[in-house]
Amino acid sequence: MSEPAANPIITIRNLSKSFSGVIALDDCQFDLLSGEVHALMGENGAGKSTLMKVLAGVYRKDSGDIRLDGRAVEIDSPRAAQAYGISIIHQELTLMNHLSAAQNIFIGREPRGRFGILLDENALNQQARRIFEEMHLRLDPRVRVGTLSVAKQQMVEIAKALSFDSRVLIMDEPTAALNNAEVADLFRIIRQLKARGVGIVYISHKMDELQQIADRVTVMRDGRYIGTVPMAGTRIDRIISMMVGRELVDATNHIPDTSRNDMALEVRHLQRGTVIRDVSFSVRKGEILGFAGLMGAGRTEVARAVFGADHIDSGEIRVHGKKVDIKSPKDAVAHRVGYLSEDRKHFGLATGLDVATNIVLSSMKRFLKLGGLVDAGGIRAAAQGFVKQLQIKTPSVEQQVRLLSGGNQQKIVIAKWLLRDCDILFFDEPTRGIDVGAKSEIYKLLNALAAQGKAIVMISSELPEVLRMSHRIVVMCEGRITGELPGRSATQEMIMQFATQREAAKAA
Amino acid sequence: MSSTQPVDLPVRSPGVISVVKGFFFDPATRQKLLAFASLLVLMIFFSVASPNFLQADNLVSILQSTAVNGVLAVACTFVIITGGIDLSVGTLMTFCAVMAGVFLTFLGMPLYAGIVAAIFFGALCGFTSGVLIAKLKIPPFIATLGMMMLLKGLSLVISGTKPIYFNDTPEFSAISQDSLIGFFVPAAPIPNAVLILFLVAIAASIVLNRTLLGRYTFALGSNEEAVRLSGVNVAFWKIVVYSLNGAICGIAGLLIASRLNSAQPALGQGYELDAIAAVVIGGTSLSGGTGTILGTIIGAFIMSVLINGLRIMSVAQEWQTVVTGVIIILAVYTDILRRGRQ
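Sequences listed follow chains H and B, in order.
Quick note, the first sequence lines up with residues 17 to 524 if you use this note's numbering.
Quick note, the second sequence lines up with residues 188 to 529 if you use this note's numbering.
Incorrect hints may appear among the rest.
In silico DSS-like pairs for lysine-lysine, Cα to Cα no more than 27 Å straight-line [stated by the list, open to error]:
1) B:Lys349 to H:Lys77
2) H:Lys301 to H:Lys343
3) H:Lys77 to B:Lys219
4) H:Lys301 to H:Lys338
5) H:Lys301 to H:Lys210
6) H:Lys346 to H:Lys381
Here are some chain H residues pointing at chain B (derived, C-beta under 8 Å) [to be verified]:
7) Gln98
8) His106
9) Gln107
10) Asn113
11) Gln119
12) Ile123
13) Gly124
14) Arg130
15) Ile133
16) Met247
Rather than coming from a laboratory, the hints here were simulated on the basis of the structure.
Glycine is no exception: its CB is placed at the ideal position from the N, C-alpha and C atoms.
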């Protein structure tokens, strides 16, 4: 399979794409043969999804060449991609919750009745039912998608992609929300498609899955093509080193001994429905505790619960040894606990406002003068202090935040929490959407904060990042903590083992 | 998997119990039942409170007054299900009435030309709103607010700020005032306006539930990005929805002009809020994705029964307006509660 075949279905050469000046894809290439499963790998932000969205007509390329059966094609819309037989299952679910499963699958291709005016709902449901039966999926086509579980919704997405009779099927992390049985079902379907000559692009981070299903692997890094290797006979380490591409920046990360430090935060038997199940952990002053796990394992939920953003059913939280009652984010902040959300734009920043305002936004009271007037000079001075301390790259503190890079935006969020004297900080995916250079600056900053005695909990889905940064690592799966590892000796494989330790598997 | 070809697989019909269960526990159905129950409660309340309420004249008058708002509300239902809003329906209705006047009275053309003109100009204005929203990406609230003012002004300009009477076209008033039903069933002299309301509602219901346009109306309100990624021309369908909305407003314009036997250019503003209120009371969510025509019609009746009842009980006009305001706030709040639960 590794031999470059004479007639690939898809050939991509010299493809480049940038978003308002930020280069997302730089001179990329990719080949897809008929009947192969071609895994596309790379760290978050490597450009995998962008490349596939160009192929699926979601984004338009800036330059480069896409060939279908050797013929140059312009794929300028999702509809054009469908017409070429290219369909995609997006990473985020793209379903219409108020419509039925069948209506979702055939959106844009509804069967009509005799006169071509009225829709033929029976034909619609029967076609959907037939696809479900081929997938061995027990699902009523008439059920409203909004009432289905995420896994079932994912299956509806897959059914939709299958319904196109595509020659090229792109799956962007299709198994993120599926359980083992559902993954097995998906793989059976993929093998069926393969046998029929469909070319499948499979984006995933899960090595064990790729070993089962992939024929070839193409690795991308920082928007560039790195290389393509056959799956069989290639060691995982080789692929990982292609993905990471460099010796880990802080490979010699010195892990300080914090075992004698005071306890900063202790969480005991935290419980919230089935999302958080009996979670206990602690973090000491000056310690960086990594939270690893797959998407949906419940890590963000734990952070939000401790921060008071979501209610808890039961559990005990101790801050600096004292039992506290945190019912809302306000209580959390009063106990100097901060939470830096994974979605900076939605929860962390007012991007239309300037740097200074964003930094002081949640501490505004401190900058009021007599009579309720705002102390503009004080705000400026405080903001400038943080710009210097955190090395935020901005022409001035009057710059609008939206004009700054992701890394600098993240630093502004950090500044905001530091200004509130938070000494227990939850970082949820602190480097998501940040380019590589800025990442290492954030890492340095986290290390510096820990050295100052702050207690840091870092949630990250990037294993190299967890391994690089954490003094200690806890791993979650399905709402439970399934393992704890010392940062010094943990490996990706050990983490993955805990992260996939499902209840069903454990019972067996 | 050549699954795009229809195959003969039996669609199992669900059991009686699940149908009944589904009927009572489906949130949309529950909302309709709730709306219908409120309508009944209101009617019982007013018939106890005032002996005049159940008089035949009064009931006909309620039906009559529901017609215009009902048709406007049906128009709004489409737009609101897509997650949009149309503030221009009231002045658009007036503009269409004025255009009917231009064709019938100023140009002396035959009746059908006036009818076609009203509906055509309605659709044209709706089309314009649609282009502003779908192509120029102006938020629906602002685009239709602009259209509301623009059309109000145009109506005054075209009519010379004076009412246009339809004295040259005596059959014009028959559109709304005569009773086709009364002709066949003398005991029920229900005016044509009401018949037209129900015909419009039935047609709209079929379009909404059985055609591609209806399917995309719901789909757009549910997840516009998903529709776009499915290769559907989102802008085109949005424009179609707003055009249809405009055309239905044209029918409302004919109804009101026919009832008043004149196009009153200063009328119209405020009707949009009554229409939107009827839609929301009827269970259509302002956030889009759900809604029914039946619910909207019930909502329109609740509004007019309320106004009529308060008037019969001699509640002052000012207080009627206050009550209407309270009802609208309550209706939107129940919408928020409903959404919160889902």
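Let me know if the C-beta of His106 of chain H comes in closer than 8 Å to any C-beta of chain B, holds or violated. This interface hint holds because 7 Å falls under the 8 Å limit.
Next pair to validate is Lys301 of chain H with Lys343 of chain H; report whether the Cα-Cα distance is within 27 Å. Distance ~23 Å between Lys301 of chain H and Lys343 of chain H Cα, so the pair holds.
Given the hinted pair Lys77 of chain H and Lys219 of chain B, is their alpha-carbon gap at most 27 Å? violated, 49 Å
Does Gln107 of chain H meet its interface restraint, that is, does its C-beta lie within less than 8 Å of any C-beta in chain B? violated, 12 Å
With a cut-off of 8 Å, does the beta carbon of Ile123 of chain H approach a beta carbon of chain B closely enough for the hint to hold? holds, 5 Å
Between the alpha carbons of Lys301 of chain H and Lys210 of chain H, is the straight-line distance 27 Å or under? Violated: Lys301 of chain H and Lys210 of chain H sit about 53 Å apart, past 27 Å.
Classify the hint on Gln98 of chain H as holds or violated, based on whether any CB of chain B lies nearer than 8 Å to its CB. holds, 5 Å
How about Met247 of chain H: closest beta carbon in chain B under 8 Å, or not? violated, 25 Å
Restraint check, 8 Å cut-off on beta carbons, for Gly124 of chain H near chain B: holds, 4 Å
For Lys301 of chain H and Lys338 of chain H, compute the direct alpha-carbon distance and say whether it is at most 27 Å. With a Cα-Cα distance of about 15 Å, the restraint between Lys301 of chain H and Lys338 of chain H holds, given a limit of 27 Å.
Hey, does the Arg130 of chain H contact hint survive, CB to chain B under 8 Å? With Cβ-Cβ at 13 Å, over 8 Å, it is violated.
Against chain B, with CB atoms and a cut of 8 Å, does the hint on Ile133 of chain H hold up? With Cβ-Cβ at 6 Å, under 8 Å, it holds.
Of the hints listed earlier, those the structure fails to meet are numbers 1, 3, 5, 9, 14, 16, in rising order.
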